[in-house]
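Modelling step: build the complete structure from the supplied sequences, incorporating the hints.
Quick mapping for you: the protein sequence lines, in order, are chains V and Z.
The opening residue of the first sequence carries number 116 in our numbering; numbering runs sequentially from there.
The opening residue of the second sequence carries number 38 in our numbering; numbering runs sequentially from there.
Please note: incorrect hints may appear among the correct ones.
[To be verified] In the DSSO-like style, the derived pairs of lysine-lysine whose C-alpha atoms are separated by at most 30 Å in a straight line are:
no., chain 1, residue 1, chain 2, residue 2
1, Z, LYS266, V, LYS153
2, Z, LYS160, V, LYS150
3, Z, LYS246, V, LYS153
4, Z, LYS266, Z, LYS246
[As the list claims (entries may be wrong)] What follows is a list of derived Cβ distance ranges for each label pair:
no., chain 1, residue 1, chain 2, residue 2, range
5, Z, LEU62, V, ASP323, 30 to 38 Å
6, Z, TRP107, V, VAL247, 30 to 38 Å
7, Z, THR299, V, GLU309, 37 to 45 Å
8, V, ILE227, Z, GLU82, 40 to 48 Å
9, V, GLU309, Z, SER312, 51 to 59 Å
10, V, PRO235, Z, LEU62, 18 to 26 Å
11, Z, TYR102, V, ALA246, 50 to 58 Å
12, V, GLY302, Z, MET168, 36 to 44 Å
13, V, ARG151, Z, ARG165, 51 to 59 Å
FYI, nobody ran anything at the bench for these hints, they're computed from the structure.
All C-beta atoms in this analysis are idealised placements derived from N, C-alpha and C, irrespective of residue type, glycine included.
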Amino acid sequence: MDAGKAVALDTYVSDPLAEEFQTRSMLAILFQRLKRSKSAVAGLILVVALLLVAIFADVIAPADPAEIFPGKAMQFPSREHLMGTDQIGRDVFSRVVYGSRISIMIGFSSTILAMLIGIPLGIGSGYYGGAVDFIIMRVMDLIMAFPIFLLAIIAVVAIRDVIPPTFTVVIALSIVRVPIYSRIVRGSVLSAKENEYVEAVRALALKDWRILYRHLLPNCMAPLIVTATLAIGTAILVEASLSFLGLGTQPPTPSWGYDLKSSVPLIQINPWLSIFPGVAILLTVLGFNLFGDGLRDALDPRLKQ
Amino acid sequence: MKEYIIKRLVTVIPTVLGITIVVFLAMRLIPGDPIDLILADDYSEEARAQLEREYGLDKPFHIQYVKWLWQMLQGNWGRSILTDRPVLPDILMKLPVSLELIIASMLVSLLIAIPAGIISATKPYSARDYMAMTTALVGNSVPDFFVGILLVLLLSHTLGLLPVNGYVEVNDGLWQNLSHIIMPALALGFARAAILTRLVRASMLEVLKLDYVTTARAKGVRERWVILKHALQNALIPTVTVVGLQIGFIIGGAIVIETVFTIPGLGQFGIDAISGRDYPQVQAFILVTAMVFVLSNLAVDLLYAVLDPRISYAKKGSE
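This is how it looks when you write it as structure tokens:
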């Protein structure tokens, strides 16, 4: 790492005003640190590969995921069908490839939605304190009084008749994640609020939202990014579980969880039907977990050289 | 400690009330008016108004909630739409089955995690440490139900050791019961074991560096004894906290695992109710599952109070 960049990071930490001008060197430093961890690199490779598969699904997949090859049901993997065919003769490889799209879509959009709700709530809670804080935090406590998966099920049950299934899952998965973001943001706002530089910008009579956006939010970016990365993996895992129960993505959309569910009764005849979608889920979640852990280490200021 | 226990018991009350509020609101969010359903073809504005009065639906929301809560407290949980049987006794029958699965899964995860964590920590950065840590990493990313499917493939279909699915009550034979619960418990416990192994390893490594361990070694205490008695006791305290945090995942996972292994517990009851849109049953499923969560968290916190290091320290002093 060259000296100039290290200085740039120090400036960033001590002076959030400079943040905007140094985003690039910050990213460069982050990448430098990430490269040092083998598992983080492995995670990044898995995540990038998955994104590429999802984006270029129509190029990679040899067939349409819904296309039925007549007279070819339940085939084992072969040169013609890399992962075999399912019970009605669809190409499993194509289904696994296309399945990445829904997983990625749900993983990312539920995480972004949760942040869009959770961050403003956390800011409001930490910055204004008092009754606002009390009410928001009690609602968050309430959400956390349920196991994540049960809460996701409750949300699905409550809204599935009014909202299309895929969006139902996205909303359910974001609701369960809102408390974690609001708590992270609230915590950093509370501690940052007391800093002198915030006092200073207040004295400059800047508007509240401007103080929050420009001066308080950058302080909690690191934990937010790490949490979000790990949350994408969890969201994909929970989506797969919901679809496995028939409460998530609905056919004809190809989904790993749903395909696993329909493969269970056939497991003795063709175990590959279960193995491929299962391994796809495993690799995806593993990628996000490894990458998230790596990011956490890279962003940890205590590990700074 | 008594003060702590009382305080902790009191905190359960707002949590339970909160849960009932969420369940009450969620059930009312579901579209479809019960009055429309009851009246069907005999619909008229007067009949509707009369029924609304009868069920208290003309009252404000908070009054409706209090009335509903009062009914629930009296054990009046409504009748199933599908079977027309009272919901409460039916769901209470399912409860022990799920509890057995949940407890067995926690035991499995601890039985894997503690030895694996110790083995890793006593020889950090060795081949066996890397192997344990890699397994833990994979375990943390794999869906429970996929582990379940793989276990069925291996232990039932290939090796023919255990039954594929189903459930047998303890009264009908202990071995029969265990042979049906082992695989689901392994599937459910594996992912939890992954997280716990990393934790046991980390806290063992911390503790093994402490002076009192060095002192014990210097006194000539055998290494095995140093690790199992002196170090492990303190390393397990943070583990208890994390076991508590894992309960939610185990309860959630149990819902899925029960459907993989067709175990007639809460999860299967709930999923059947949800797909059959049997809302009195759904409501009971959510309430009971959430209660299991709250009470098991309470149990872990109380256990934590018992394991508190200062308390065991005092005992040692008097020995």
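Among the hints numbered above, which are violated by the structure, and what are their numbers in rising order?
1, 7, 11, 13
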